[in-house]
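Peer 1: Protein chains in written order, with this note's numbering: chain A, 3 to 143; chain P, 3 to 143.
Hints should not be assumed to be uniformly reliable.
To be verified - In silico lysine-lysine, DSBU-like type, Cα no more than 35 Å apart, as pairs:
no. : chain 1 : residue 1 : chain 2 : residue 2
1   : A       : 90        : P       : 110
2   : P       : 63        : A       : 63
3   : P       : 110       : A       : 110
4   : A       : 110       : P       : 90
5   : A       : 63        : P       : 110
6   : P       : 73        : A       : 110
7   : A       : 40        : P       : 73
8   : A       : 40        : P       : 90
9   : P       : 90        : P       : 40
10  : P       : 110       : P       : 40
11  : A       : 90        : A       : 63
12  : P       : 90        : P       : 73
13  : A       : 110       : P       : 63
14  : P       : 40        : A       : 90
15  : A       : 73        : P       : 73
16  : A       : 40        : A       : 110
17  : A       : 63        : P       : 73
18  : A       : 73        : A       : 90
19  : P       : 90        : P       : 63
These are computed hints drawn from the structure, not numbers from a lab. Everything numeric in this text was worked out from a predicted model, so none of it was measured.
Protein chains: 2
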Amino acid sequence: MKSEPKKHSSDCLVAYGIDTFGDRWSFLVLRDMMLYGKCRYGDFLASEEQIATNILAARLKHLESEGIISKARDPENRRSYIYSLTEKGLDLAPVLLEIIRWSSRHLKTNARRRRLLARIETDRDGVLADIRTRTAILTPP
Amino acid sequence: MKSEPKKHSSDCLVAYGIDTFGDRWSFLVLRDMMLYGKCRYGDFLASEEQIATNILAARLKHLESEGIISKARDPENRRSYIYSLTEKGLDLAPVLLEIIRWSSRHLKTNARRRRLLARIETDRDGVLADIRTRTAILTPP
DNA sequence: AAATTAACTTGCAAAATACAAGTTATAATG
DNA sequence: CATTATAACTTGTATTTTGCAAGTTAATTT
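Between the sequences and the hints, there should be enough to build the whole structure, so can you do that?
Peer 2: If you want it as structure tokens, here you go:
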């Protein structure tokens, strides 16, 4: 079920991005898809940030209406759906990586974070390729 | 007046970024500073997205408490203040540029947008340098 | 001295979010 | 094959956040 894309508040490229993918919960869903390879409603619900089910449903609908994700029946389980990133959604990977680089530099480090940052710095193209092929880059926490 | 940084909701680098600078209004203020060289309360209020004055005050306080911007009296006009990006805030420039690149690819183009994108693609380091030296990259719309 | 400007604060209505419970369609189990 | 369980939601309502209008304070300008 794909609703109308919302009208945007200004003519600015930055505002367009923010209106499209930039709210907290939308972006955490995208993180789940890109970093952890998640693709199911229940997987998103299970993330540590504890999104409410009605909000998750609304965000998935919004992202779909903006053409960032798409929804398809799971051929192996007809009560499940598989969400995946469209080209437009995959193109957001560089934004995600820059956010991770920024946070890495400004948040106290730990081994897991150091490994992720090291991989982004030394093998950025490999990371981007993994996102495109839906290969999980991290195991969920 | 610098309040306490808020506690963050999860251990994730992406969530840290989003909690720190990722809400709609905060990021638009950062855009105003980085792209247009704005530095005054009244300039932020005048942006085309029409932020409410109480929300702007709250966001500036938040960004300051997170160490992304700093506030100083204007030596030339004692009823005014000058907000500026800290190192931590300047480090967000790559995130901004990736958002602009993404939007450029997915929003119908116009001359102004083409020029901005072209500059980012051919002179990224120059753009980043301009942001660090508080040189406006665009004139406000 | 009076009017104006810059940067806010306050009060309240409207909208968005969070929480709990309920619904529907499929699939697995005894 | 009837019952229970699972996956993906929807609905109702309390709480929180946002948006709008008006007011305050301190420093200029006229």
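Peer 1: For the pair supplied as a hint, residue 40 of chain A and residue 110 of chain A, confirm whether the alpha-carbon distance does not exceed 35 Å.
Peer 2: Between residue 40 of chain A and residue 110 of chain A the Cα gap is close to 26 Å, so the pair holds against 35 Å.
Peer 1: Measure nothing beyond the straight line between the CA atoms of residue 73 of chain P and residue 110 of chain A; if it is 35 Å or shorter, mark the hint as holding.
Peer 2: holds, 25 Å
Peer 1: Holds or violated: residue 63 of chain A with residue 110 of chain P, Cα cutoff 35 Å?
Peer 2: Judged against 35 Å, a Cα distance of about 23 Å means the pair holds.
Peer 1: Hey, residue 73 of chain A versus residue 90 of chain A, does the alpha-carbon distance stay inside 35 Å?
Peer 2: holds, 14 Å
Peer 1: Between residue 110 of chain P and residue 40 of chain P, does the CA-CA distance stay at or below 35 Å?
Peer 2: holds, 27 Å
Peer 1: Taking only the CA atoms, is the gap from residue 110 of chain A to residue 63 of chain P under or equal to 35 Å?
Peer 2: holds, 23 Å
Peer 1: Holds or violated: residue 90 of chain P and residue 73 of chain P, Cα atoms, limit 35 Å.
Peer 2: Judged against 35 Å, a Cα distance of about 14 Å means the pair holds.
Peer 1: Is the hinted pair residue 63 of chain P and residue 63 of chain A satisfied, with a Cα-Cα distance of at most 35 Å?
Peer 2: Distance ~33 Å between residue 63 of chain P and residue 63 of chain A Cα, so the pair holds.
Peer 1: Sort out whether residue 40 of chain P lies within 35 Å of residue 90 of chain P, counting only the CA atoms.
Peer 2: holds, 17 Å
Peer 1: Given the proposed pairing of residue 90 of chain A with residue 110 of chain P, does the C-alpha separation stay at or below 35 Å?
Peer 2: At roughly 14 Å apart (the allowed maximum being 35 Å), residue 110 of chain P and residue 90 of chain A satisfy the hint.
Peer 1: Regarding the pair residue 63 of chain A and residue 73 of chain P, is the alpha-carbon distance no greater than 35 Å?
Peer 2: Cα-Cα ~40 Å, so violated.
Peer 1: Mind checking the alpha carbons of residue 40 of chain A and residue 73 of chain P for me, to see if they're no more than 35 Å apart?
Peer 2: violated, 41 Å
Consistency with the previously given hints fails for numbers 3, 7, 15 and 17, ordered from lowest to highest.
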